[in-house]
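**Q** The whole structure should be built from the sequences, with the hints applied where relevant.
Protein sequence lines, in the order shown, are assigned to chains A and B.
Numbering follows this note's numbering, with no gaps: position 75 of the first sequence is 75.
Numbering follows this note's numbering, with no gaps: position 82 of the second sequence is 82.
Just so you know, the hints here were simulated from the structure itself, not pulled from any lab data.
The beta carbon of each residue, even a glycine, is placed where N, CA and C say it ideally should be.
Don't take every hint at face value.
Here are the simulated lysine to aspartate or glutamate pairs, EDC-like style, with alpha carbons at most 20 Å apart [unchecked claim]:
id, chain 1, residue 1, chain 2, residue 2
1, B, K206, B, E131
2, B, K249, B, D29
3, A, K109, B, E80
4, A, K6, B, E80
5, A, K312, B, E153
6, B, K77, A, E196
7, B, K83, A, E196
8, B, K34, B, E175
9, B, K235, B, E11
10, B, K33, B, D222
One side only, chain B facing chain A, incomplete, derived with CB under 10 Å [said to hold, decoys possible]:
id, residue
11, M23
12, I86
13, F96
14, I118
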Amino acid sequence: MLRIRKLPIVVFGLFIIVFPWIAGQIPAIGNYPDLMIFAGIYCLITIGLSLLMGYAGQISLGQAAFYGIGAYISAILTVHFELNPWLCMVIGTLIASAVAVLVGVPSLKLRGHYLAMATLAFGIIVFIVFNEEIEWTGGPDGMSGIPGLSLFGFEFDTVLRYYYLVWFFVFAAFIFTINVIQSRSGRALRAIHISEAASSAMGVNVSRFKIVVFVYSAILASLAGSLYAHYLNFINPSTFDLFFSIKLLIMIALGGMHEVWGAIVGAFLVTFLSFEWLHFFEEFEVIVYGIILLLVTIFLPHGLVGIPGIVKGWFRR
Amino acid sequence: MNETLTEHILEVEEVVMAFGGLMALINLDFQVKKGMIKAIIGPNGAGKTTLFNVITGTFPPTEGAVRFKRQSIETLKAHEIAKLGISRTFQTVELFTNMSVLENVMVGCHTRTRSSFIASGFRLPQVTRKEAQIRSKAMEVLEFIGLTNRSAESADSLPLGDRKILEIGRALATEPELVCLDEPAAGLNETETQAAADLIKRIKEKGITILLVEHDMKVVMDISDEIMVLNYGEKIAEGIPEEIQNNPKVIEAYLGGEENDA
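**A** In structure tokens form, the structure reads like this:
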């Protein structure tokens, strides 16, 4: 029976709460809370992608586009129109949802590789728009001057404050997703993954569920994009390119696609690999990712979150 | 009002199913009386599974009408037809192999319950309540089909006989009035076949109408009230088991009888 245990979530939550204090004590990892903000932003995207890919079995290579839509909507509406950033965030999710429906209705009729190709093309088109609509997006130079976030006069203007804000969003998304997985909707999604014919014979509206989960993943990616833009106060298109979509896939493949925990583990790992640990490989970084991915898919088909199961298997013998 | 005895739950009228140039079903006409077991037999490629796919909405017929409880269903989608009360099993068992035995049946409860994606995400009180209802209903179904003690096991780990039974259970969880069983005894040994046949009889006792495709003639003759024989997409005979057994056309279709009768 699929039951996601509560204890690890509580432990993880406590860890996130006390982590900045720990990092403050150890100079060597003093910059980690800043990295954890990025890890959190990636977690938001991978949680949605995990539900879409790991549970419902629909491959998307266009998640970077939704991430970019959130970031650019927030940037454009705050910089050009001076709207309230929170409002922009909401508008961003609405636009991302609408785009997800428009892209999803035709492409979710496709399966497997074809769906991957359709979303890949979509991601490339959006990337081109970010680059070419110079009047609005600043083109390849990007946009600066994006305001930070504040709530009732409280400014999220330090790393610590933004850290807690981002992780609040991550936990909300995580709990929501876990609840969905353990419900009728979650069962329907997992059923679709295995057999669309049998799912619809059981009364599951397959195309509707696919759209819903695609929209949900787009909303989370868009939120992540808005949080990114308001944190760095600067964005440019290269953040939202095809390689980032692939990197997201690497994250959930490394962490483990069939468990929502895998999304978190993978996002953490890739963040720290790319910002800290793989720095000295410079342009060979991509090759290192390739090797890691290769090793994981061969030896850990269930990703890093599959390790406890393997270890348990050893002890049972 | 003497209609009750002969009320037709399913009416198939002039149905044609063409895949390009291939005629899988040709002007097929038949009815299924409420509460009975009707078997559809015929050589491989006769169009039996295609007929199931048309009835359950996998694809719409090229021509003709399908009526369930006097309502036209030939243009409806599979999930809408499931909701109206037709369920099915598959010739090649299509269980959700990523789930437990219990969860498979719980997916079957999908169509009789409602709780949205958003309500589930916030785990509203009514969602928790409905989950409990779904679970207890699924357990009832497992008890009916005799798989209670395997409820927590992965559906994938069951032997073929139990997988076939579980698929029938999953179909029952949708609370159907008509169940289409596609070769429930295929690949089963004698004991398993007997268990499947007994289960089908008990489903009939619950008042559920059964449409059965099966190659095991002993099972078909034993449990069917009526039999229809298909050959190359056409109905070549229809009647009670005794009539079918002695029908020369049927014997010819199965044994490839001689063209010119001497």
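**Q** Please list, smallest to largest, the hint numbers that this structure does not respect.
**A** 1, 4, 11
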